[in-house]
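Chains A, B, C and D are the protein sequences, given in the same order. Just so you know, we're using my numbering here: the first sequence kicks off at 1 and counts up by one. Just so you know, we're using my numbering here: the second sequence kicks off at 1 and counts up by one. Just so you know, we're using my numbering here: the third sequence kicks off at 1 and counts up by one. Just so you know, we're using my numbering here: the fourth sequence kicks off at 1 and counts up by one.
Hints were generated in silico from the structure; no laboratory data involved. Model, not experiment: these values are computed from the prediction. Incorrect hints may appear among the rest.
To be verified - Heads up, incomplete: computed chain C residues facing chain A, CB under 10 Å, no partners named:
(1) K37
(2) I48
(3) Y52
(4) T55
(5) N84
(6) P87
(7) A94
(8) S98
(9) G103
(10) A107
(11) Y113
(12) W114
(13) I128
Claimed, not checked - The calculated lysine-lysine pairs, modelled on BS3-like cross-linking and capped at a C-alpha distance of 25 Å, are:
(14) C/K31 to D/K2
(15) C/K36 to C/K129
(16) A/K372 to B/K28
(17) B/K451 to B/K361
Glycine included, each C-beta is placed from N, C-alpha and C at the ideal position.
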Amino acid sequence: MTSQIPALIIVVPLLVSLVVSLAAWIRQSLCYAAALCAMLVAWISAILVMGRVINQGVITYRMAGWAPPWGISWHIDHFNAIILILIATVALINLIATRSTAAREFEDRPGVFYALYLLFVTGLMGIVITGDIFNLYVLLEIASLSGYALLGMGSGRAAVSSLSYLFIGTIGASLYLFGAGYLYIATGSLNMADIAAILPTIEQTGVIQVSFILCLIGLFMKMAFFPLHTWLPNAYTHAPNSSASLIAPLTTKVMIYVMIRIVLFVYQPEFAFAEMDIDRVIVWLAVIAILAGSMLAWKQERLKRMLAYIIVAEVGYMVGGFWLGNTAGMTGAVLHILNDAMMTLCLFLAAGAVISRVQTDAFGALQGVFTKMPFSMIAFVAGALSIIGVPPTCGFFSKWYLISGGMEAGHYAFVAALIISSLVNVLLFFRVIEIGYFEPFDSHHHKNGQTVREAPLDMLVPLLVTAGLLIVMGFYANTLVTWIVKPAISAATMGGL
Amino acid sequence: MIAVVSAKPLIAVLVSLAVIPVLISARKPNVRETWTFAAALIKFGIIASMVPAILAGHTLEFTIAPLFAGIAFKLKVDAFGLLFALVASFLWIVTSAYSIGYMRGLDEHSQTRYFCFFAAALSATIGVAFSANLLTLYIFYEMLSLSTYPLVTHHQDREARSSGRKYLFYIMGGSIGLVLPAMIAIYLIAGNLDFAAGGILAGSIGALPAAALLLMLVFGFSKAGIMPVHAWLPAAMVAPTPVSALLHAVAVVKVGVFSVFRIITDIFGPGMLLNFGFDTLLCIIAAVTILGSSLIALSQDNLKRRLAFSTIGQLSYIILGAALLTQSGMAGGMLHIAMHAFGKITLFFCAGAIMVAAGIKNISEMKGLGLQMPVTMGAFFVGALSVIGLPPCGGFISKWYLAIGTIEAEQFLMLAVLLASSLLNAAYFLPIVYRAFFCNPDETMFEHRIKEAPGWCLAPPVATAAISVILFFYPQPFFNLSQLAVSRILGG
Amino acid sequence: MEELAAVFVARYNYWGVIILMGIGLYAMIAKTNMVKKIIGMNIFQTAIILFYISTAAKYGASIPIIAHGHGAQGHGIRAADYMNPLPHVLMLTAIVVSVATLGVALALAVRVYWNYDSLEEDEILNQIKAGQLNRK
Amino acid sequence: MKSIALTSVALLCAVLIYSTMGFPAWGDSDSPASTHVSDYYIENAVNDTAVPNLVTAVLADYRGYDTLFETTVVLIAGLACFFLLRRFKPRQPQHRLYRHIDTGITLIIEQGGKEPTDSEEFVRIDSRWVPYDLVIQQASCLVIPFLQLFALYVIAHGHHSPGGGFQGGVIFGATIILMAIANDLRSAARRVSERLGALMASAGVLIYAGIGALCILLGGSFLDYSALSKLFAFTPVMARSHGILGVEIGVAVAVSAVMIWIYYNLASAGRHEEGL
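Work the whole structure out from these sequences, hints included.
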């Protein structure tokens with residue numbers, strides 16, 4: 001039976017989401033408990049799977065029992081095992097932390113919210129776990145469609161932002177599908193490992209190149225790589241808090257995972273780096289993305305919006321780091337996927353906590369929040385320091401690898417962009433901190449006599465746990481790298497690039 | 001030399017962090033302050049207990065966690081680090097006492113936050129002193145920067161805000177913008193970042209990149225206050241005086257100097273610097289700062305600002321000592337860390353006591369103050385003598401060795417700089433004393449008699465002044481440590 | 001000329017698909033009405049569906065249902081006699097996905113209409129700008 | 001803007017068209033797409049699953065995992081439309097409208113007036129323009145049963161002819177939608193209520209996923225229907241065939257219910273009254 005543990009990661013959230021959407025019509029109160037149980041089971045099984053991967057190597061799970069090129073199979077190695085844990089952790093923490101927020105934001109439909117929540121998580125985990133390029137598309141759409149719905153439920157501009165996200169997301173996914181079609185025409189297969197085995201043997205006619213570019217552009221759209229990022233800030237700013245803090249940390253990161261997976265494990269480094277010869281161009285684009293993201297963040301006057309632009313810059317970190325093409329850069333990119341997800345979660349949860357008490361995230365209204373909500377703000381500062389890259393928070397360690405990757409590759413513009421963006425992040429966050437810390441709490445600012453006080457415990461504890469994880473992940477960065485990231489990368493690159 | 005694995009350094013670092021939860025939960029000020037005291041005493045006790053082992057030629061090591069391939073988060077106690085840690089932890093005890101008097105005397109707000117971050121800053125300082133490699137040092141350095149930010153901006157007013165900005169701009173800008181890339185580059189070149197006698201870069205790098213890295217590091221560790229990255233220090237004087245006293249005369253600035261010292265001796269190494277002729281370059285940088293800051297200090301009326309500029313100059317003495325790369329020069333530099341610390345903290349304590357008792361900040365208002373507050377101004381006089389470098393104070397000893405160092409290194413220009421600077425030091429300190437004791441106060445100034453500051457504020461400066469004098473006659477503890485450290489650096 | 005014709009005959013359906021895709025993409029970029037954009041999106045997705053279906057074709061092959069399947073139990077089946085079933089399967093999925101996307105897009109469009117009483121992008125943008133001015 | 005869009009799209013099309021030169025010729029039965037994986041399906045599907053319709057076999061068995069999520073996508077669309085649009089608080093209209101079924105006369109009853117709720121001859125409508133056309137209503141009444149029968153046939157006969165759960169489900173859903181169009185939303189909702197639709201939608205996917213999970217419990221992989229042979233007296237191959245049928249039924253239930261559910265929410269903008 002233990003061989004079925006990987007299946008639990010997907011099957012349990014899926015089944016429970018269906019049960020939840022049934023229960024939504026019978027007893028709404030059951031929904032949260034069921035969702036919580038499902039996430040716990042998924043989280044535990046993700047950790048068990050990680051253990052098995054470390055002990056026994058790659059796990060291949062044959063769906064419906066069919067052998068790979070004919071049936072769909074899962075391919076679980078170090079890389080996706082750790083991303084699975086990441087997704088489960090973020091979703092679990094966020095589920096607990098946003099319980100009261102969700103109850104307020106979706107007062108008459110929490111059941112359907114939790115169903116969509118679980119389906120979104122299922123979709124992301126399915127994307128990560130699968131070894132089939134078409135199945136990846138289907139799950140991509142699962143995650144995207146539930147994401148559009150979750151994001152579009154906010155008030156005001158949410159629907160319009162979500163709709164434009166839907167347009168760009170659909171173009172992105174369709175371009176990916178188109179690229180997969182080219183691959184299918186050239187190889188006749190949809191299984192990643194099978195394609196990887198066939199590709200080097202076939203004659204190059206430009207079809208592969210075009211498929212590569214199509215997939216890449218599609219994924220760039222999905223991951224909000226500058227200048228294809230335009231959907232992201234609006235979508236995340238106007239979204240309900242309980243869904244923003246789930247979707248913001250995960251979507252872009254999972255898309256970067258897909259990019260790395262496709263490039264390393266389908267097209268393979270020899271083709272992607274040596275033959276295509278676009279790596280330097282992409283790193284330059286990443287440099288622009290980092291700088292532009294940071295500068296645009298500076299212009300914002302709302303917390304969530306600023307965070308959204310920081311995500312744009314962070315995407316540049318990871319894409320650039322990966323396309324540096326050396327071990328240090330890739331290590332940095334992979335590590336930063338993990339770290340950035342946790343940092344973003346921490347910051348969005350902290351922003352959510354503040355919004356739940358202050359009612360807005362405009363900078364002007366944050367006066368005195370340090371005195372009123374000290375613990376939430378400690379967590380916020382921890383997240384901020386991690387984004388800035390101050391040791392011993394985890395952000396420092398991935399930045400270290402990224403910078404050393406840039407130096408090894410001789411790409412000093414990328415190094416400079418990272419440093420500049422770190423410095424800009426200092427300015428960005430201390431601007432917020434200054435407002436919260438120096439300006440006295442002004443009760444005139446807060447209408448209807450709202451008493452601003454510390455966030456409730458069920459919100460605060462997960463937030464502080466996340467903040468603590470940032471530091472723990474910092475101390476265990478080396479363990480992560482030697483046990484998980486290094487094997488993941490060397491599996492694809494056969495030990496060297 | 002035997003490397004002993006011991007958890008003592010770790011405990012020494014963690015003691016002050018461990019006390020923070022107690023501080024937060026303690027409702028009564030008395031309990032809180034008792035715990036601060038206890039932590040300070042324990043910390044000093046642990047650090048002092050390491051002295052015999054170090055003097056016996058051992059080093060204490062403790063690896064906390066591996067961070068990157070070839071670099072661990074690792075503590076290592078050697079003579080130089082211990083010297084610095086001794087000074088910092090001893091002065092924390094004194095400052096704790098002083099803090100109580102000062103904070104109560106002025107009835108400051110948010111005292112819990114103040115004591116917590118103070119404790120955290122001390123942890124970071126000791127961490128820097130005991131770092132075994134550049135990365136560990138960097139981690140503690142950043143921790144120190146961030147834990148002092150709330151202390152610098154304690155008053156939470158407009159002035160504190162702009163000072164805080166300046167502070168962050170220089171400190172974080174330097175550490176992220178310059179130190180971090182330089183450190184990574186060194187790691188890529190040398191394969192590790194361990195502090196090793198003779199340096200780790202020798203032979204693997206050309207002159208030009210080496211110069212670039214050296215400058216990035218020297219200016220990047222902007223806590224050392226080398227001109228032109230010194231501007232944060234005068235700005236940081238808006239902090240409560242105990243903060244200025246311990247952190248901006250001892251812990252923070254000395255951490256900067258200590259880092260630069262380590263870079264010079266243990267990353268680049270004397271041999272390499274001599275080869276490329278960088279010693280002169282560093283000497284010139286230090287000399288410019290020494291003279292420049294002394295000249296600026298002359299024109300400052302605010303006492304704390306004048307002290308700040310004086311500090312900037314004195315810090316560069318230490319860097320000068322390191323840059324001389326000779327036996328006596330280095331020993332003088334190390335000794336100066338201790339001697340200057342005791343002298344300067346006395347001066348700051350006195351400035352604070354004057355603030356508490358008379359509410360005076362500016363020198364021009366201090367006419368005749370010596371008659372009203374004889375003890376305070378007496379201590380001030382002793383401190384000033386020590387900083388100027390006159391006997392019978394400890395400062396004389398360190399300057400003496402520095403001077404010998406310049407002769408050994410045949411840098412006679414630097415000798416002249418030292419002498420000129422001493423004159424300037426005298427020129428900006430002695431008038432204060434003169435004015436306090438020998439000028440008659442203006443009619444309106446002291447309408448009612450000013451009493452001495454309360455005992456908590458008075459005892460610490462007297463104690464540190466006394467120690468300054470004692471150190472002149474009995475410098476052995478620090479002297480032996482510095483000799484040991486220098487012999488390791490130059491003998492290695 | 002004959003060569004050209006051969007190239008045309010061998011690929012014209014792909015070209016048609018690509019042009020159809022261009023039309024859809026153009027509508028999504030250039031049209032300002034949300035519903036027109038949604039229609040463009042559907043054209044775009046349909047083009048990709050047709051693209052896949054094209055790959056399933058084989059000259060001289062029949063639909064992918066094995067004739068007399070039960071009796072023969074698969075003996076003597078020649079792969080060349082039947083169309084490739086895989087693209088059909090994939091596109092069944094893609095069709096469903098595009099229908100679902102259409103549904104969500106329309107639902108969002110309805111919400112947009114509640115908020116702004118309009119589906120024209122420019123008008124919505126104007127209202128957003130005006131709203132921001134009002135708030136300031 | 002338009003010219004930029006046009007040029008960039010034209011450029012993209014040109015590049016893509018150029019890239020098709022590397023494709024194998026259309027209809028070439030030796031192309032990689034038609035040989036590598038697909039040959040296996042054509043040659044072995046009947047032996048493996050006893051389903052002559054290869055598309056069904058691949059859809060529900062070899063790539064059944066895809067299809068499970070395909071069904072889930074449909075459910076998500078239903079959930080999303082509900083989530084985004086449904087407004088539970090009904091409008092409080094000034095007056096209520098009732099139509100006398102036989103004559104087609106509309107009664108306007110002001111607030112406080114007596115409402116003919118207990119009479120069989122009146123039906124409540126939501127707006128005055130709700131169409132009332134005897135020909136359409138009667139014609140749809142005639143057609144709908146046959147359409148539904150056909151839908152069931154398509155579902156059931158998916159093993160042997162084009163068809164299956166999706167196609168049948170959509171046809172079935174369309175019949176209810178036809179009813180809603182021909183009469184009005186209220187009369188359709190009296191037959192298939194929103195609650196029923198929503199429950200069916202989730203239940204349909206649950207049937208599919210449940211069969212898959214059952215296979216795990218019986219010792220197979222997820223969706224490995226051959227494991228069902230342990231439960232019933234089938235050979236593994238026939239178990240696959242019957243498993244596919246079960247799955248197709250689940251798909252049909254889900255798809256038809258979601259179609260109806262989406263229509264209710266979209267057509268009434270979430271109020272479940274006539275008119276957007």
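Now for the hints, and whether the structure bears them out:
no. : hint             : result
1   : K37              : holds, 6 Å
2   : I48              : holds, 5 Å
3   : Y52              : holds, 5 Å
4   : T55              : holds, 6 Å
5   : N84              : holds, 9 Å
6   : P87              : holds, 8 Å
7   : A94              : holds, 7 Å
8   : S98              : holds, 8 Å
9   : G103             : holds, 9 Å
10  : A107             : holds, 8 Å
11  : Y113             : holds, 9 Å
12  : W114             : holds, 8 Å
13  : I128             : holds, 6 Å
14  : C/K31 to D/K2    : holds, 8 Å
15  : C/K36 to C/K129  : holds, 23 Å
16  : A/K372 to B/K28  : holds, 21 Å
17  : B/K451 to B/K361 : holds, 16 Å
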